[in-house]
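Residue numbers (the working numbering), protein chains in the order written: chain A, 8 to 219; chain B, 11 to 221.
There could be a bad hint or two in this list.
Calculated lysine-lysine pairs in the PhoX-like style (CA-CA distance at most 25 angstroms, straight line) [stated by the list, open to error]:
1) B:171 - B:156
2) B:175 - A:120
3) B:132 - A:218
4) B:95 - A:200
5) A:200 - A:181
6) B:53 - B:115
7) B:53 - A:81
8) B:115 - A:218
Label-pair ranges, simulated between beta-carbon atoms [stated by the list, open to error]:
9) B:168 - A:111: 13 to 23 angstroms
10) B:70 - A:158: 50 to 60 angstroms
11) B:162 - A:115: 21 to 31 angstroms
12) B:78 - A:36: 23 to 33 angstroms
Here are some, though not all, of the chain B residues that point toward chain A, as calculated from beta-carbon distances under 10 angstroms [claimed, not checked]:
13) 44
14) 72
15) 75
16) 94
17) 176
18) 200
19) 202
Hints are computed from structural coordinates only; laboratory data are not their basis. Note that the structure is predicted; figures quoted are calculated from it, not measured. Glycine is no exception: its CB is placed at the ideal position from the N, C-alpha and C atoms.
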Amino acid sequence: MLKSTILFLRISCLLILVLSSCATNTVVKDFTPATFEITTFVAPYFSNPEIDYVYKANITVYGNELTGIFIAKKINDTTHRVVFTTEFGNKLLDFEISETDFKVNSIVEELDKKILVNTLKTDFRLLLRNQFLINEQFENATDKVYKSKDGNRFNTLFVSKAGEKLYKIVHSSKTKEKININFVSENNIFAEKIVIQHQNIKLRIELNYFKQ
Amino acid sequence: MKTKIYLLVLFLCLCNWSSFAQEQKMTESEIVAFKQSVAVVSKKIKSLSTDFTQYKHMAFLSKDIETSGRMVFKEPSLLQWQYKKPYSYSIIFKNGKILINDEGKKSAVNVGNSKIFAKINKLIVGSVSGDMFDDKEFTISYFKNKGQNITKFIPKDATLKKYIKQIELTFDKEDATVVQVKLMESAEDFTRIVLKNKVINAKIDDSFFTN
Numbered sequence: 008m009l010k011s012t013i014l015f016l017r018i019s020c021l022l023i024l025v026l027s028s029c030a031t032n033t034v035v036k037d038f039t040p041a042t043f044e045i046t047t048f049v050a051p052y053f054s055n056p057e058i059d060y061v062y063k064a065n066i067t068v069y070g071n072e073l074t075g076i077f078i079a080k081k082i083n084d085t086t087h088r089v090v091f092t093t094e095f096g097n098k099l100l101d102f103e104i105s106e107t108d109f110k111v112n113s114i115v116e117e118l119d120k121k122i123l124v125n126t127l128k129t130d131f132r133l134l135l136r137n138q139f140l141i142n143e144q145f146e147n148a149t150d151k152v153y154k155s156k157d158g159n160r161f162n163t164l165f166v167s168k169a170g171e172k173l174y175k176i177v178h179s180s181k182t183k184e185k186i187n188i189n190f191v192s193e194n195n196i197f198a199e200k201i202v203i204q205h206q207n208i209k210l211r212i213e214l215n216y217f218k219q
Numbered sequence: 011m012k013t014k015i016y017l018l019v020l021f022l023c024l025c026n027w028s029s030f031a032q033e034q035k036m037t038e039s040e041i042v043a044f045k046q047s048v049a050v051v052s053k054k055i056k057s058l059s060t061d062f063t064q065y066k067h068m069a070f071l072s073k074d075i076e077t078s079g080r081m082v083f084k085e086p087s088l089l090q091w092q093y094k095k096p097y098s099y100s101i102i103f104k105n106g107k108i109l110i111n112d113e114g115k116k117s118a119v120n121v122g123n124s125k126i127f128a129k130i131n132k133l134i135v136g137s138v139s140g141d142m143f144d145d146k147e148f149t150i151s152y153f154k155n156k157g158q159n160i161t162k163f164i165p166k167d168a169t170l171k172k173y174i175k176q177i178e179l180t181f182d183k184e185d186a187t188v189v190q191v192k193l194m195e196s197a198e199d200f201t202r203i204v205l206k207n208k209v210i211n212a213k214i215d216d217s218f219f220t221n
């Protein structure tokens, strides 16, 4: 009895290991392991405290469309202020986000749903995050890929070799991709276009930089 | 401690005095005359189109967010608010419907008899035409400075008040038309809309208000 239980446990462990390595490899399946070049990756797009990052936002959630203006600003070493307003300027939500803290300054009643706030908190925290500790590195002919642990999840960062530009972040569990963030950036200072696409819920956030 | 309190009181008095120097309360007779002149002008308005520049101010930003476009209104309640820069986005209020055109992507929202949308519609039209002196809806106060009259409206409706704490309309003293609308969410957070190149009573076809 004991022997069979141990055998079962061993098989299970092996299975989990195989499955999880397969799953994580799906994110980087077209890439080969590479030697470590860096231990920390610094994401440039929301890092300058001098810049008001202002975007036209289109949010599609389960077929419903919500548009407005997305504003992010680094207010100190660790924290960003994030505000979403209508085109007319009415504030719909106002958050302060760091890697460890989260504060809701204000939110309109219609959006004040725990599940929505938590989803946006995860999205914005990933979007605004400045530093990623690298645990693994991969590459192919054109791109470098950095894999970073995030609690029991992973953030995989795709950087083009040519311009050293971060163009994609994949947030995944051991088995599934959860959130993809795609960036288009000309100058590597800010991203002109950002698309946050959820894989497990029908939520897509598109941000287009304001040319004032 | 006492000195500090004294200094604080003095500072507050000076602040008050300096704001009074720019903006004075109207007298009762001035209020009557002002309301009359605005009523005469706004009654004449059958249609109105104007360019606008919108400045969204938030204290934590290094500069205001600037957008601009054109607004067209036709009696009794057709309204188009169109942003042209830095993006193209228009919203039309028409017979209980809101028509949106976002960079060519069109959609319609049926607001039917929604009271809050009726109020917002009335508010936008009222803000631009100046016809907003409804004591049932707002607590209104009247001020003046050198070339302008300023009215401050505090909504009485609880739902509206959640979105807007105060609306400030600035009127040109000469022609009694609105030159600036300020929607205040708080002292540090407001939207200021400056109106210019106003055209009153030009012929505008109903078909203009389609998506």
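*Which hint numbers doesn't this structure obey?*
1, 3, 5, 6, 7, 10, 12, 13, 16, 17
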